[in-house]
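Please arrange chain B on chain A, whose structure you already have, making use of the hints.
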Amino acid sequence: MAQAMVLEDTDLTLDSLLETPAGRRALSCIQCGVCAGTCPYGSVMINTPRRLINKLRAGLIEEVLTSDDLLTCVACYACWAKCPREIRLTDVLLPLAKEQVFLNLPEVPAELQSALESTLRYGNPMGESPRKRAAWVETSEVEIPIMRDIKRPVDTLWIVECYTAYYPRGQDNARATAKILSALGIDFAILGNEEKCAGECARLVGEAGLFDKLRDDNMKVYEKYEFERIVTSDPHAFDAFLFLYPPLGLSVPVEQTTPFVARHIEQLKPKLTKELDYTVTYHDSCVLGRHNGYYDEPRLILDAIPGVEIVEMAHTGINAICCGGGGGGMWLDTFYKAKGYDRLSDRRVKEAVATGADVLVVSCPYEVPRFEDSVKVLGYDDRLAVKDVMEIVAEAMED
Amino acid sequence: MKILVLLKMVPDVVEELEVAADGKSLDLDFLRLIVNESDDHALEEALILKERHGGTVTAVALEAPDIDDVLFTALAKGADRAVKIEGADQTLSTRDAAGVLAATLPAVGDLLPADLILTGCQAIDDLDGFVAPLLAQALGQPYLGLVARVAPENGKAVVAKEFAGGVLGEYEVSLPAVLGVQGAEKPPRYVPVAKVRAAMKSAEIETVPAAPRPDAPSYEIGEMLKPEPVDRAEMLEGDPEAVAARICEILSERGLL
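Order-wise, the sequence lines are chains A and B.
With my numbering applied, the first sequence covers 1 to 399.
With my numbering applied, the second sequence covers 400 to 656.
In isolation and in its complexed conformation, chain A is listed as follows (with noise of 0.2 Å):
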């Protein structure tokens, strides 16, 4: 399995890439086919990484870098975790070749265009307001501390990010979090209106330039404030702050909020108190699980509280399947509708219903949009609930 690590060259191209170590390694392929055999769109993608990196040593990289098949890539990790060679694939090879790719689409795809202006204006993809970032602190039963306010170092900065901050159903997940950080006594605050998208799913479409401005920007804020760590409840964000942000000078200990309340839970266990009565199966987040090897924190959870029962799915840990929101994959879901492609959270909720779960428990914030409208759309909404390991957690704790 290939290592999660930093990515130091922050001026990396695909031209640059071949002659570093991890370009070496990529030419090393010994074009076994297990990346298409277990990317989620291997049946319909045409470049698969073992097809890229064929026509990258066989002169014929343009082909791949003049269409948009490329987009087609959700980031899941899939291919970089199973890949004998251990090449680097959806962090390094497969983003880089995004990037030329994205510079030569002659249309990008309406939804994803918005969502990229959006994140470039405003900071966040849904168009919304900066100044309303925060406004979902005005609903919380515990007290959020905003750093400029409290003009104070904190032990934890916890970065909210964008779906939890914004996205009605995200901001469950918000007080829930804020109820857990506040029972476990952990002196926190957050940016608030200062907040903006961590830029890890431009980066991953191909839109380099908008995530090293986000970076640019965001690291300009963090370096006004004295903390100790940083939490954040995105796992994309987790990622690019622990692979991408060091290279700007990011140092602290970083962690999303599912392993960090894992961390806390002997801590926990005498508040989870209230009996739930689920059966839950738990849906791996790509980056949580394939990247960074968090199988189990969520899981050990989910154990600690009383009433609940888990259940695998079929695809789990490793070959846990993609809810499709990675890499952009978040707004190009009339893209792939239009090429005939399925749509991977559908896919996943079959499963999950398949398990008899009365909740599909999710660990990214991504993930609640896309499973409750599949859920909807298939009409399963009678059977089964999307909820994050935060909000479970909240609900088993006694008011």
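No lab work stands behind these hints, which were simulated from the structure alone.
Backbone N, C-alpha and C fix where the C-beta goes; we use that ideal spot for every residue, glycine too.
Honestly, I wouldn't trust all of these hints.
Straight-line alpha carbon distances no greater than 35 Å define the calculated DSBU-like cross-link-like pairs of lysine-lysine that follow [what the hints assert, rightly or not]:
hint	chain 1	residue 1	chain 2	residue 2
1	A	Lys271	A	Lys213
2	A	Lys337	B	Lys594
3	A	Lys132	B	Lys585
4	A	Lys224	B	Lys600
5	A	Lys132	B	Lys625
6	A	Lys220	B	Lys594
7	B	Lys625	A	Lys339
8	B	Lys449	B	Lys401
9	B	Lys600	A	Lys220
10	B	Lys594	A	Lys132
11	B	Lys585	A	Lys213
12	A	Lys337	B	Lys625
13	A	Lys55	B	Lys600
14	B	Lys483	B	Lys585
15	B	Lys594	A	Lys55
16	A	Lys339	B	Lys555
17	B	Lys585	A	Lys55
18	B	Lys560	B	Lys594
19	B	Lys585	B	Lys555
20	A	Lys337	B	Lys585
21	B	Lys483	A	Lys220
22	B	Lys560	B	Lys483
23	B	Lys594	A	Lys213
24	A	Lys213	B	Lys560
25	B	Lys449	A	Lys337
26	A	Lys213	B	Lys483
27	A	Lys376	A	Lys271
28	B	Lys600	A	Lys132
29	B	Lys483	B	Lys625
30	B	Lys585	A	Lys376
31	B	Lys625	B	Lys555
32	A	Lys213	A	Lys82
33	A	Lys224	B	Lys594
Now the in silico label distances, taken between C-beta atoms and shown as ranges [unchecked claim]:
hint	chain 1	residue 1	chain 2	residue 2	range
34	A	Glu8	B	Pro611	42 to 48 Å
35	B	Ala597	A	Val6	25 to 31 Å
36	B	Asp467	A	Asp68	28 to 34 Å
37	B	Ala563	A	Glu141	48 to 54 Å
Positioned in the frame of chain A, the structure of chain B alone reads:
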């Protein structure tokens, strides 16, 4: 084919608008400006025409906050020149802005005559869409507004103009002409941030001084007011049956059933 595109900044209504302390302007502290949507369509139409028929596109704008970003974005999208008119009063009325443009444009080197001057057919602070027709009048050129398609040919252009109910009228107009664009043939293109950053490094915005305002101000804003919230709406709450029954009652009380 030489095309001029006029771009203008308008308040971005993603933010709540606030009236400034003077009671007759918008509070700029609470406001961000954004390029006028139909001006962005005018630029797209100009770029499409350039791709189809060759020629040059020049983006022109009066100085305003964030206008440099907009002009560099236009260059990154494929405009050949960007011209910023500096020193004009930023609170000009539409009519006065048209006057300043008409007096300034002829003085800029190698700008006029242009085959086409394209701009948005209206803006949220100019719903009458007066800039383009007033400019056309001042330059002695024909004007057509609500334009949805332009096909230039031999010193003329066939222009599709939109009417209510989705009806399109086809007009022939002699060039040079000024057109107010309603919508380009396709939505304005995306330009990657890297290309905008490259344009900022490699290209330059030409700056020219604004001609003095031709006359005394044509009109002034007396007062600016936010709509007053009133409590005329009755919110019906309860289960759907009870709400439905109450709706029937209200309709029947008012003699609507």
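Hints versus structure:
1. In summary, the hint linking Lys271 (chain A) to Lys213 (chain A) is not supported, as the alpha carbons are separated by about 42 Å, beyond the 35 Å threshold.
2. With a CA separation close to 29 Å, the supplied pair Lys337 (chain A) and Lys594 (chain B) stays within the 35 Å bound.
3. Note on Lys132 (chain A) and Lys585 (chain B): the hinted pairing holds, with a Cα-Cα distance of about 32 Å set against a maximum of 35 Å.
4. Of the supplied pair hints, the one linking Lys224 (chain A) and Lys600 (chain B) holds, its CA atoms being roughly 28 Å apart against a limit of 35 Å.
5. At roughly 20 Å between alpha-carbon atoms, Lys132 (chain A) and Lys625 (chain B) fall within 35 Å of each other, so this suggested pair holds.
6. For the suggested pair Lys220 (chain A) and Lys594 (chain B), the alpha carbons sit about 23 Å apart, so the restraint of at most 35 Å is met.
7. Restraint check: the Cα-Cα separation between Lys625 (chain B) and Lys339 (chain A) comes to about 47 Å, which exceeds 35 Å; the hinted pair is violated.
8. With a C-alpha separation of about 9 Å, the suggested pairing of Lys449 (chain B) with Lys401 (chain B) holds against the 35 Å cut-off.
9. Using a Cα cut-off of 35 Å, the hinted pair Lys600 (chain B) and Lys220 (chain A) holds, with the two alpha carbons roughly 22 Å apart.
10. Pair hint Lys594 (chain B) plus Lys132 (chain A) holds up; C-alpha atoms about 30 Å apart against a cutoff of 35 Å.
11. As the CA atoms of Lys585 (chain B) and Lys213 (chain A) are separated by approximately 28 Å, the hinted pair is consistent with the 35 Å bound.
12. This hinted pair does not check out: Lys337 (chain A) and Lys625 (chain B) have alpha carbons roughly 44 Å apart, beyond 35 Å.
13. Between Lys55 (chain A) and Lys600 (chain B), the direct Cα distance comes to roughly 33 Å. Compliance with the 35 Å bound is thereby established for this hinted pair.
14. Annotation: proposed proximity of Lys483 (chain B) to Lys585 (chain B) holds, straight-line Cα distance about 26 Å (limit 35 Å).
15. For the hint pairing Lys594 (chain B) with Lys55 (chain A), the CA-to-CA distance comes to about 26 Å; that is within 35 Å, so the pair holds.
16. Restraint check: the Cα-Cα separation between Lys339 (chain A) and Lys555 (chain B) comes to about 41 Å, which exceeds 35 Å; the hinted pair is violated.
17. Between Lys585 (chain B) and Lys55 (chain A), the direct Cα distance comes to roughly 33 Å. Compliance with the 35 Å bound is thereby established for this hinted pair.
18. Of the pairs offered as hints, the one joining Lys560 (chain B) and Lys594 (chain B) holds, with about 33 Å between alpha carbons and a cut-off of 35 Å not exceeded.
19. In summary, the hint linking Lys585 (chain B) to Lys555 (chain B) is supported, as the alpha carbons are separated by about 23 Å, within the 35 Å threshold.
20. Under the criterion of a C-alpha separation no larger than 35 Å, the hint pairing Lys337 (chain A) with Lys585 (chain B) is consistent with the structure, at around 21 Å.
21. Our distance criterion of 35 Å between C-alpha atoms is met by Lys483 (chain B) and Lys220 (chain A), whose separation comes to about 30 Å.
22. Restraint check for Lys560 (chain B) and Lys483 (chain B): satisfied, since their Cα atoms lie roughly 29 Å apart, inside the 35 Å limit.
23. Our distance criterion of 35 Å between C-alpha atoms is met by Lys594 (chain B) and Lys213 (chain A), whose separation comes to about 12 Å.
24. A C-alpha spacing of about 40 Å is found between Lys213 (chain A) and Lys560 (chain B), which places the hinted pair above 35 Å, so the restraint is violated.
25. For the hint pairing Lys449 (chain B) with Lys337 (chain A), the CA-to-CA distance comes to about 32 Å; that is within 35 Å, so the pair holds.
26. For a cut-off of 35 Å, the pair hint linking Lys213 (chain A) to Lys483 (chain B) stands: about 25 Å separates their Cα positions.
27. Among the hinted pairs, Lys376 (chain A) with Lys271 (chain A) is consistent with the structure: their alpha-carbon atoms are about 33 Å apart, no more than 35 Å.
28. About 33 Å separates the Cα atoms of Lys600 (chain B) and Lys132 (chain A), which keeps this hinted pair within 35 Å; it holds.
29. As the CA atoms of Lys483 (chain B) and Lys625 (chain B) are separated by approximately 32 Å, the hinted pair is consistent with the 35 Å bound.
30. Among the hinted pairs, Lys585 (chain B) with Lys376 (chain A) is consistent with the structure: their alpha-carbon atoms are about 33 Å apart, no more than 35 Å.
31. Straight-line distance between C-alpha atoms of Lys625 (chain B) and Lys555 (chain B) comes to about 46 Å, which puts the hinted pair past the 35 Å bound.
32. For the proposed pair Lys213 (chain A) and Lys82 (chain A), the alpha carbon gap of about 32 Å is at most 35 Å, so the pair holds.
33. Of the supplied pair hints, the one linking Lys224 (chain A) and Lys594 (chain B) holds, its CA atoms being roughly 29 Å apart against a limit of 35 Å.
34. Between Glu8 (chain A) and Pro611 (chain B) the beta carbons are some 56 Å apart, a value that contradicts the proposed interval 42 to 48 Å.
35. The hint said 25 to 31 Å for the Cβ distance between Ala597 (chain B) and Val6 (chain A), and at roughly 27 Å that hint holds.
36. Against the hinted window of 28 to 34 Å, the Cβ-Cβ separation of Asp467 (chain B) and Asp68 (chain A) comes to about 32 Å, which satisfies the hint.
37. With their beta carbons about 52 Å apart, Ala563 (chain B) and Glu141 (chain A) fall inside the hinted range of 48 to 54 Å.
Hint compliance for this structure: hints 1, 7, 12, 16, 24, 31 and 34 are not met, and every other hint is.
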